[in-house]
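*Asks:* Keeping the supplied structure of chain A fixed, place chain B upon it in accordance with the hints.
Respectively, the protein sequence lines represent chains A and B.
FYI, the working numbering numbers position 44 of the first sequence as 44, with every residue one higher than the one before it.
FYI, the working numbering numbers position 78 of the second sequence as 78, with every residue one higher than the one before it.
Hints are computed from structural coordinates only; laboratory data are not their basis.
Yeah, the Cβ is synthetic: ideal placement off N, Cα and C, and Gly gets one too.
There's no promise every hint is true.
Stated by the list, open to error - Cβ-Cβ distance ranges computed for the label pairs, FRET-style:
#: 1; chain 1: A; residue 1: Leu118; chain 2: B; residue 2: Gly42; range: 18 to 24 Å
#: 2; chain 1: A; residue 1: Arg63; chain 2: B; residue 2: Pro82; range: 20 to 26 Å
#: 3; chain 1: B; residue 1: Pro43; chain 2: A; residue 2: Leu118; range: 22 to 28 Å
#: 4; chain 1: A; residue 1: Leu75; chain 2: B; residue 2: Thr74; range: 32 to 38 Å
#: 5; chain 1: A; residue 1: His38; chain 2: B; residue 2: Gly45; range: 45 to 51 Å
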Amino acid sequence: MAKLLISFLAGILFGLGLAVSEMVNPARVIGFLDIAGHWDPTLGFVMAGALAVTAPAFGIILRRRRPLLAAEFYLPVKRDIDPRLIGGAALFGIGWGLGGLCPGPALASLASGSPVILIFVLAMIAGQWLAGRIAD
Amino acid sequence: MTEANIIGGLLGGALIGLAAAALLWLNGRIAGVSGILGGIFGPIGGAERSWRVAFVAGLIAGAGIYSLLAGGLTIAFQSGTPTLIFAGLLVGIGTRLGSGCTSGHGVCGLARRSPRSLAATLTFMAFGALTVFLLRHAKFSLF
Chain A
1 MAKLLISFLA GILFGLGLAV SEMVNPARVI GFLDIAGHWD PTLGFVMAGA
51 LAVTAPAFGI ILRRRRPLLA AEFYLPVKRD IDPRLIGGAA LFGIGWGLGG
101 LCPGPALASL ASGSPVILIF VLAMIAGQWL AGRIAD
Chain B
1 MTEANIIGGL LGGALIGLAA AALLWLNGRI AGVSGILGGI FGPIGGAERS
51 WRVAFVAGLI AGAGIYSLLA GGLTIAFQSG TPTLIFAGLL VGIGTRLGSG
101 CTSGHGVCGL ARRSPRSLAA TLTFMAFGAL TVFLLRHAKF SLF
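Extracted from the complex, chain A is given alone in its bound form:
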């Protein structure tokens, strides 16, 4: 129960962060990716702000034997940089450049009630399902 509450609260913080930073706005995201145009560095500052917290924090946290409320750290096990990683990242990058939305902001934006956001989210879920079928 505590873990559920923590997940919910962490989600709230995350969603607040996405909204405050305007990462829910495709214009901001595409503005950052538009390096040849009127460049908007906002996303860079978001990454900087996030990493300023996580880079030192993760280092300290991961020195622990286990998390505070769980039995273990659930970390990725894959180590090698393989074609699936790069290919997947490339496809994600293209989709991100096309729409200016990635999973976090898209989900958080459901709060706006926008039907277009809902359509995007459904397409995203469908895409994940498709990839799961192809990959496995």
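*Replies:* Then chain B, alone, in the frame of chain A:
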């Protein structure tokens, strides 16, 4: 809109970082949204699904709280709905195959000093920029 939002960016980013740190420290989980979303629909048990649903509910609630305080969320789409559907599919396929997105690889992976996440982040940033360049400056049209 064209002026950078430096304060909001740094502050919002710090909140995101705080959320990720809290999730890792307390629950031992990586705040990678594509993986969290994917896990909800995957073939996994109830407990694995519940915390993910709770997190996503929090995402929506957090943005909702901000929306109430700020009087709305500004979401200026840069593309039409058909393009967004295609974009959504690509984001879904890409994040599943690539095992992560901006939060998983960019925020968490880099913080973990993961070479995989560095490679992924550089790749999706490059392809994102290339895509925008082709659409905006090479006058490449999709539909």
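*Asks:* So which of those numbered hints doesn't the model satisfy?
*Replies:* 2
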